[in-house]
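Asker: Construct all of the structure, not just a fragment, from the sequences and the given hints.
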Amino acid sequence: MEDNQIVELYWARSENAISETADKYGRYCFSIARNILHSSEDSEECVNDTYLNAWNAMPDQRPDKLAAFLGRITRNLSLNRWEKYTAQKRGAGQVPLVLDELQECIPAKERTDRIVDDLVLADILNRFLASLTAEKRKIFMRRYWYLSPVTEIASDFAISESKVKMSLLRSRNELKRFLEKEGVDL
Amino acid sequence: MKEKRILDVLGQVDEKYIEEAEPAKQGFQKPQWVKWGKWAAVAATACVCLAVGIHLIPDKKTDFASVGGIRREYRNVALTVSEEAIVWPWEYKTVFERFNTIVFDGREYTLKTSWQGINDIFIGEELGTGKGSGYDTYSEQHYQQDFEVWEIKGISSELMIAAEMEGQFYTFSLDEYIPPVTLGEVLDSYSLPQTLGLDHFGIYQEGEESGYYSLEEDGHIWQVLSECRDAAFILDESGAYIGKDHISFTATSEPLGVYKRVFYISADGYLGTNVFDWSYTFYIGEKAARDIIAYAEEHGKNAEREPYTYNLVGTLAEIGDDYILIDDSVLCSDEKDGMVFKVSTSDIRIRRCIDFQKIGVGSIVVIQFTEPLNIEEGSTVYGAVSMVKGYINDGSVAVPE
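Line order of the protein sequences matches chains D and C. Counting in the working numbering, the first sequence runs from 1 upward without gaps. Counting in the working numbering, the second sequence runs from 1001 upward without gaps.
Treat the hints with care, since some could be wrong.
Unchecked claim - In the DSSO-like style, the derived pairs of lysine-lysine whose C-alpha atoms are separated by at most 27 Å in a straight line are:
(1) C:K1016 / C:K1004
(2) D:K163 / C:K1016
(3) D:K136 / C:K1153
(4) D:K176 / C:K1016
(5) C:K1301 / D:K163
(6) C:K1153 / C:K1016
What the hints assert, rightly or not - Selected chain C positions facing chain D (in silico; Cβ < 7 Å):
(7) E1003
(8) E1019
(9) T1137
(10) G1338
Simulated from the structure, these hints should not be mistaken for lab results. Even glycine gets a Cβ: it sits at the ideal position worked out from N, Cα and C.
Answerer: This is how it looks when you write it as structure tokens:
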């Protein structure tokens, strides 16, 4: 079923909206949750919560890109759940690794003087992403948005793991420089 | 945590970037890669599961694992692997990782070898000297070095060459997409019957694997394919054949520099492979395809599915000059059942993991290796290519070791 037809089902308050979403995007959402939570049971719950959130959001929202809309909800729910589990010492999955890597993007303190809110920071990240080549951007998003393991990214792009790591390293360095240029204090 | 803020706010970036990077949509610029990416992803997932090795089976107290072919009975634990995105500094790279591009005779070749070099028996005439180049991200410095370039027996040097580096040969292939016109062209340019052994295959029905087999003799298959020399190359960007009934051979070849790729024949008459990096698909006709499938089914013997790479999990018990010892008793219900494996560390690939990840004696580690263990030679692991730290999870609580 086309995305706009699924969105119409939500607007019509048809319960088929959920089953059609699950058919088309269930695996996609599950893979995002699984990368973050490393647990099938928790990931299933996050995916079900995603459907509930989508049900509550439509109407009023009418997303252009349904996959990204759903994926974003799953990612947020999963990261929240991950945070809760970390407090309970149950953290696993890709998040600790990704956080270690992202530490390298934090600007040096002496080069920052601007405290920005999330919207401004998101705008800066958008401009940073726009500055990358398409391939570097996709690899960056796969690692830090989808939290995909490096092995999986290498397979999907049919390149070696070392190429993926090299691309990520360069992008992280570029992001650090970008944030420093903007003077952003995280 | 500032890095957590970056991770969180990344969630709000423009949807077009989220959509563009969607896992199912990789390879937009190179459509031929798409389907192989998907296939490779399946293999990679399997690899991760095997790396985890002893994954949780809630209704069982123990689980069996194969360590390079040796069956081990382990208790029911989950293992989280600390995958680290390490870009090795120049001094920690093997020579073929350093110089991954060679210019010879006006053409640029890139490294094809995945793990190990090529045996001398595949090397033909010396062709001349090529210029290798490499780049160190840390110092941002470019390096160049000359290497002797050799013909690989039976393979056109316009497509592939071998470079001699520190006494070992490595395969480099032309880094251009020049699709062949017919199957015959590929058979000739790469002498496939001689360079590619079709000795293991899986049978797929409706896209699901129904069995994995070994095959002693592949001569008949190459004979049938040589009679399909005129089979036309098909640009198959949609990956439409996936899910059809087919057999898929595991394609590993030292001279071609490929490790566990696929070479499949579908019941409706297609041959496809990713051995040449790009997806090559030919229409060989239903009759030839069915002949090959019937032959393989008749002569195949049940075999154990090989993982992409083998994995060994255990406690790092000793670090010697050219070896390390791994004790797997931590995974056994009774410690007395533990085995100690000796891992040969002949090149820098294990040593650098120890240095960089600060892995010390007593750490839980996962060793990735490419050669099955030979029971008669004891429990020595050869072909180890990486080592990462692991964390054992008992029940739902992660216990950092």
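Asker: Does each hint hold? Answer for all of them.
Answerer: Comparing the hints with the structure gives:
| no. | hint | result |
| --- | --- | --- |
| 1 | C:K1016 / C:K1004 | 22 Å, holds |
| 2 | D:K163 / C:K1016 | 24 Å, holds |
| 3 | D:K136 / C:K1153 | 37 Å, violated |
| 4 | D:K176 / C:K1016 | 23 Å, holds |
| 5 | C:K1301 / D:K163 | 38 Å, violated |
| 6 | C:K1153 / C:K1016 | 48 Å, violated |
| 7 | E1003 | 4 Å, holds |
| 8 | E1019 | 5 Å, holds |
| 9 | T1137 | 6 Å, holds |
| 10 | G1338 | 25 Å, violated |
Violated hints for the displayed structure, listed by number in ascending order: 3, 5, 6 and 10.
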